Amino acid sequence: MTVANVSPAEIARFDQLAARWWDPDGESRPLHDLNPVRAGYVAARVDLRGAKVADVGCGGGLLSEALARAGAQVTGIDLGLKVIEIARLHLHESGLTVDYRKQSSAELAEAEPASFDAVCCMELIEHVPDPAALVRDLAAMLKPGGRLFLSTLNRTPAAFGAAILGAEYLLRLLPRGTHHYAQFLKPSELARLLRHAGLELEDVSGLGYNPLGRKAWLSRVTAINYILCARKPA
8 MTVANVSPAE IARFDQLAAR WWDPDGESRP LHDLNPVRAG YVAARVDLRG AKVADVGCGG
68 GLLSEALARA GAQVTGIDLG LKVIEIARLH LHESGLTVDY RKQSSAELAE AEPASFDAVC
128 CMELIEHVPD PAALVRDLAA MLKPGGRLFL STLNRTPAAF GAAILGAEYL LRLLPRGTHH
188 YAQFLKPSEL ARLLRHAGLE LEDVSGLGYN PLGRKAWLSR VTAINYILCA RKPA
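Residue 241, in our numbering, is where the sequence shown stops; the numbers in between run on with no holes.
It is worth saying that the hints were derived from the structure and are not from the lab. All figures in this text were calculated on a predicted structure; none of them were measured in a lab. Among these hints, one or two may not hold up.
With a straight-line cut-off of 20 Å between C-alpha atoms, the simulated DMTMM-like cross-links for lysine to aspartate or glutamate are [claimed, not checked]:
id	residue 1	residue 2
1	Lys-89	Glu-34
2	Lys-193	Glu-209
3	Lys-89	Glu-100
4	Lys-150	Glu-207
5	Lys-89	Asp-137
6	Lys-222	Glu-209
7	Lys-89	Asp-106
8	Lys-150	Asp-54
9	Lys-193	Asp-137
10	Lys-222	Asp-32
11	Lys-222	Glu-100
12	Lys-150	Glu-100
13	Lys-89	Glu-207
14	Lys-150	Asp-137
15	Lys-150	Glu-119
16	Lys-222	Asp-106
17	Lys-222	Glu-207
18	Lys-59	Glu-17
19	Lys-150	Asp-124
20	Lys-150	Glu-117
21	Lys-59	Asp-22
22	Lys-222	Glu-17
23	Lys-59	Asp-137
24	Lys-59	Glu-119
25	Lys-150	Asp-210
26	Lys-59	Asp-106
27	Lys-193	Glu-207
28	Lys-150	Glu-92
29	Lys-109	Asp-40
30	Lys-89	Asp-30
31	Lys-109	Asp-54
32	Lys-109	Glu-17
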């Protein structure tokens, strides 16, 4: 039996957000603002037309739908039942096709090894008990030559100030307790996990975000949010 790499408290926290996941002014507002930049980063590195893509930790489906709209065949997985239900429900509004499943990364890696042209895992790795196990699962899903896309928060004072003090306490963009500073990963630490999983790091870019102006952009500055691309050797 596969043991899920998950914190029940984290699942419960995100399930509480499910009902307003698609509200651009709700608690998922930062995800709405960052989503076009993340989707664009993926599309710039993978031809999504007909590509088989996994969105791991898909939540209510913001990125999954963006990738499907670009022509990808998307499988979205999450362990939060309520967010998966919201994601499925939203397909009736968007008219898109996404295969949403309540499934763990380990279960998908075991069921469909070496099956995906691209795997996306946005803002999940800082919420799991075992980041190394998650990276191994993601690598196992990829076809040879496939690409992995990960975004997360750097473990720096700037990230603590922006993501926890700023977003959770001052601006109240996120519920308090959403992030835990000790679980943030430096790019060098994540690069090491990628190497151990047999992946080659291709790019690391910063994600800039102005919550007041609701603007997001790619940046050279990785001190707060960053996104990366790694490739599985052919």
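Okay, the hints, checked on the actual structure:
For the given pair, Lys-89 sits about 15 Å from Glu-34 by alpha-carbon distance, which is consistent with the 20 Å threshold. Our distance criterion of 20 Å between C-alpha atoms is met by Lys-193 and Glu-209, whose separation comes to about 16 Å. With a C-alpha separation of about 17 Å, the suggested pair Lys-89 and Glu-100 falls inside the 20 Å cut-off, and the hint holds. With a C-alpha separation of about 14 Å, the suggested pairing of Lys-150 with Glu-207 holds against the 20 Å cut-off.
A hinted pair counts as satisfied when its Cα atoms are at most 20 Å apart, and Lys-89 with Asp-137 does not qualify at roughly 23 Å. For the suggested pair Lys-222 and Glu-209, the alpha carbons sit about 26 Å apart, so the restraint of at most 20 Å is broken. Our distance criterion of 20 Å between C-alpha atoms is met by Lys-89 and Asp-106, whose separation comes to about 16 Å. Taking the CA atoms of Lys-150 and Asp-54, the gap is near 14 Å; set against the 20 Å cutoff, the hint holds.
Under the criterion of a C-alpha separation no larger than 20 Å, the hint pairing Lys-193 with Asp-137 is consistent with the structure, at around 15 Å. Between Lys-222 and Asp-32, the direct Cα distance comes to roughly 14 Å. Compliance with the 20 Å bound is thereby established for this hinted pair. Under the criterion of a C-alpha separation no larger than 20 Å, the hint pairing Lys-222 with Glu-100 is inconsistent with the structure, at around 26 Å. A C-alpha spacing of about 32 Å is found between Lys-150 and Glu-100, which places the hinted pair above 20 Å, so the restraint is violated.
Only pairs whose Cα atoms come within 20 Å are accepted, and Lys-89 paired with Glu-207 is rejected, the gap being roughly 35 Å. Proposed proximity of Lys-150 and Asp-137 is contradicted: the alpha carbons are some 23 Å apart, above 20 Å. Restraint check for Lys-150 and Glu-119: satisfied, since their Cα atoms lie roughly 10 Å apart, inside the 20 Å limit. With a C-alpha separation of about 30 Å, the suggested pairing of Lys-222 with Asp-106 is violated against the 20 Å cut-off.
Distance restraint check for Lys-222 and Glu-207: the Cα-Cα separation of roughly 30 Å exceeds the 20 Å cut-off, and the hinted pair is therefore not satisfied. Between Lys-59 and Glu-17, the direct Cα distance comes to roughly 28 Å. Violation of the 20 Å bound is thereby established for this hinted pair. A C-alpha spacing of about 6 Å is found between Lys-150 and Asp-124, which places the hinted pair at or below 20 Å, so the restraint holds. A C-alpha spacing of about 13 Å is found between Lys-150 and Glu-117, which places the hinted pair at or below 20 Å, so the restraint holds.
The straight-line distance between the Cα atoms of Lys-59 and Asp-22 is roughly 27 Å, outside the 20 Å bound, and the hint therefore fails. Our distance criterion of 20 Å between C-alpha atoms is broken by Lys-222 and Glu-17, whose separation comes to about 27 Å. Restraint check for Lys-59 and Asp-137: the C-alpha separation of about 26 Å exceeds 20 Å, so the hint is violated. A hinted pair counts as satisfied when its Cα atoms are at most 20 Å apart, and Lys-59 with Glu-119 qualifies at roughly 11 Å.
Taking the CA atoms of Lys-150 and Asp-210, the gap is near 19 Å; set against the 20 Å cutoff, the hint holds. For a cut-off of 20 Å, the pair hint linking Lys-59 to Asp-106 stands: about 11 Å separates their Cα positions. Taking the CA atoms of Lys-193 and Glu-207, the gap is near 17 Å; set against the 20 Å cutoff, the hint holds. With a C-alpha separation of about 29 Å, the suggested pair Lys-150 and Glu-92 falls outside the 20 Å cut-off, and the hint is violated.
This hinted pair does not check out: Lys-109 and Asp-40 have alpha carbons roughly 25 Å apart, beyond 20 Å. A distance of roughly 15 Å separates the Cα atoms of Lys-89 and Asp-30; the hinted pair therefore holds under the 20 Å criterion. Between Lys-109 and Asp-54 the CA atoms are separated by roughly 27 Å; this puts the pair beyond 20 Å, and the hint is violated. Under the criterion of a C-alpha separation no larger than 20 Å, the hint pairing Lys-109 with Glu-17 is consistent with the structure, at around 15 Å.
Violation of the numbered hints given earlier is confined to hints 5, 6, 11, 12, 13, 14, 16, 17, 18, 21, 22, 23, 28, 29 and 31; the remaining hints are satisfied by the structure.
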